[in-house]
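Generate the whole structure from the sequences, applying the supplied hints.
Here are the chains, one letter per residue:
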Amino acid sequence: MTKEVLRVEHLNKFYGDWQALHDISFTLHQGEVLTLLGPSGSGKSTLIRCLNGLEDFKSGAIYFKGQKVETNSKNWQELRQKIGMVFQSYDLFPNFTVLENILLAPVKVQKRPEEEVKTEALRLLKRVGLEKYVNSYPRELSGGQKQRIAIVRALAMHPEIMLFDEVTASLDPEMVRGVLQIVTDLSQVDHMTMIIVTHEMNFARQIADQVLFLENGKILENTPGEEFFKHPKTNRARGFLTSMDF
Amino acid sequence: MSWQIITQSLPIFLKAFELTLWLSAVGIICSIIVGILCSLVQYFKVPVLHQIITAYVELARNTPLLIQLFFLYYAFPVIGLKMSAQVCGIIGLVFLGGAYMAEGFTGGFAGVNSSQIDDGKALGMNNLQLARYVVFPQGFALSMPALTANVIFLIKETSIFSVIAIPELTNTALDLIGMYYRSNEYLLVLVIAYAIILIPVILLLNYLERKVRYGTFGD
Ligand SMILES: Nc1ncnc2c1ncn2[C@@H]1O[C@H](COP(=O)(O)OP(=O)(O)OP(=O)(O)O)[C@@H](O)[C@H]1O
Ligand SMILES: [Mg+2]
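The listed protein sequences derive, respectively, from chains A and B. With this note's numbering applied, the first sequence corresponds to residues 184 to 429, in that order. With this note's numbering applied, the second sequence corresponds to residues 595 to 813, in that order.
I should point out that these hints are in silico values taken from the structure, not numbers from a laboratory. Everything numeric in this text was worked out from a predicted model, so none of it was measured. A virtual CB, placed ideally from N, CA and C, is assigned to each residue, including glycine. A portion of the hints provided could be inaccurate.
Distance condition first, Cα-Cα at most 30 Å in a straight line; then the derived BS3-like pairs of lysine-lysine [unchecked claim]: (1) 291/A <-> 805/B; (2) 301/A <-> 241/A; (3) 805/B <-> 315/A.
Per label pair, the in silico range of CB-to-CB distance [said to hold, decoys possible]: (4) 707/B <-> 202/A: 23 to 33 Å; (5) 202/A <-> 802/B: 28 to 38 Å; (6) 265/A <-> 793/B: 48 to 58 Å; (7) 373/A <-> 793/B: 58 to 68 Å; (8) 722/B <-> 239/A: 17 to 27 Å.
Rendered as structure tokens:
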């Protein structure tokens, strides 16, 4: 049995009086990929943001590598160094070059030696095919390039888990494949533990070890990946897959 | 319109010009420093100081410089605090300008995209690092238009120094007109003198504004 990386127990989240997430529980093991699927507004972003403390929650618990997470800001700030996150908006810091964007957190937050991080940054940039943009500013890059660099920036922190929230949703179609390929490689080559929110069903089917299907803030299905796409248990999930042309 | 009147007045105007320039420069630089300090307090919500500065900004922005100067120059000596007219002028200008600058910077910080802040947090930054690497550089860029407007506003406000008898440009022009009744000539010189100060300042600030727009630096 592989090691448990993340466990969520009975998590409830409110925005004001309105409950956005209801009794969410799941477990994720090392090297596994969990995809969060569900219609717009079902709470996917809210859930993934709860997992690195960008949103607080009312009750329930999160366990990181078996340790219960103390949900104070100091502790989250420490923990976020081990939890990489990439967003839909692909905004790098516009006032820094590509290299500076990547070095910033490892050097200033983690206090690692700059030379070492730089070598690693160049290696990662090469891996995503963008080494020649090392001294460019974000505004000189396309959305897909920025998103690949945002992934590199998160990886340079040596995270133990990566969270992806619709990282291709705002990209032009021809950019999508390159970004998804990088995420796929992370799973297949590096065996990175990941939680992925996506509307790309082919990609989800290919990469998911486990699928959480959310609707109205509730988990309707928690199924092994292949199983979900072949034999969705609920009508809602069947309807969702149909609506996604799948 | 007589050229002779104009050329004869130039040495006096030159002195006044230097004084306006000097008072403006000192006033603006100090205002920017006060503004930055106040906006930092506001950003980090430093207890007690935060409330004091909120009150200060409201007070300074809602009273005319004229009244502030009268207070400094005529009322403070009554309680034993006597300062020269120029010191009063600069203090008054910085009291006013600091509040406007603080407001501008605070607005800039608040305008930084929340997704940028999420990015910084997700990278494990603490509040100080977030401020230093994300919010301030981008916030300053966003507050450049306000800064430009405030600088121009403060230069123009120095004309009010005439009420406490500082011999800056406006005061000098009014004096000369009072003595020689040649308003056309003196007003023309006055307008040109302000233009010589303001136009380069506007051009420079607009250039800086373009350079840092949207928090993008480096070209
Ligand atoms: N800050 C907020 N305050 C109040 N309500 C919010 C807030 N953020 C999200 N919501 C609400 O919570 C619900 C879930 O939103 P969320 O963004 O998590 O959905 P999602 O599944 O990610 O949708 P999408 O696929 O469109 O990204 C929505 O009804 C949304 O309107
Ligand atoms: Mg979302």
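Structure-based check of all given hints:
1. 291/A <-> 805/B: holds, 26 Å
2. 301/A <-> 241/A: Violated - the C-alpha atoms of residue 241/A and residue 301/A are around 40 Å apart, more than 30 Å.
3. 805/B <-> 315/A: holds, 24 Å
4. 707/B <-> 202/A: 23 to 33 Å: With a Cβ separation near 28 Å, residue 707/B and residue 202/A satisfy 23 to 33 Å, so the hint holds.
5. 202/A <-> 802/B: 28 to 38 Å: violated, 49 Å
6. 265/A <-> 793/B: 48 to 58 Å: Roughly 55 Å apart at Cβ, these two residues keep to the hinted range, so it holds.
7. 373/A <-> 793/B: 58 to 68 Å: With a Cβ separation near 59 Å, residue 373/A and residue 793/B satisfy 58 to 68 Å, so the hint holds.
8. 722/B <-> 239/A: 17 to 27 Å: Between residue 722/B and residue 239/A, where Cβ atoms are some 21 Å apart, the hint holds.
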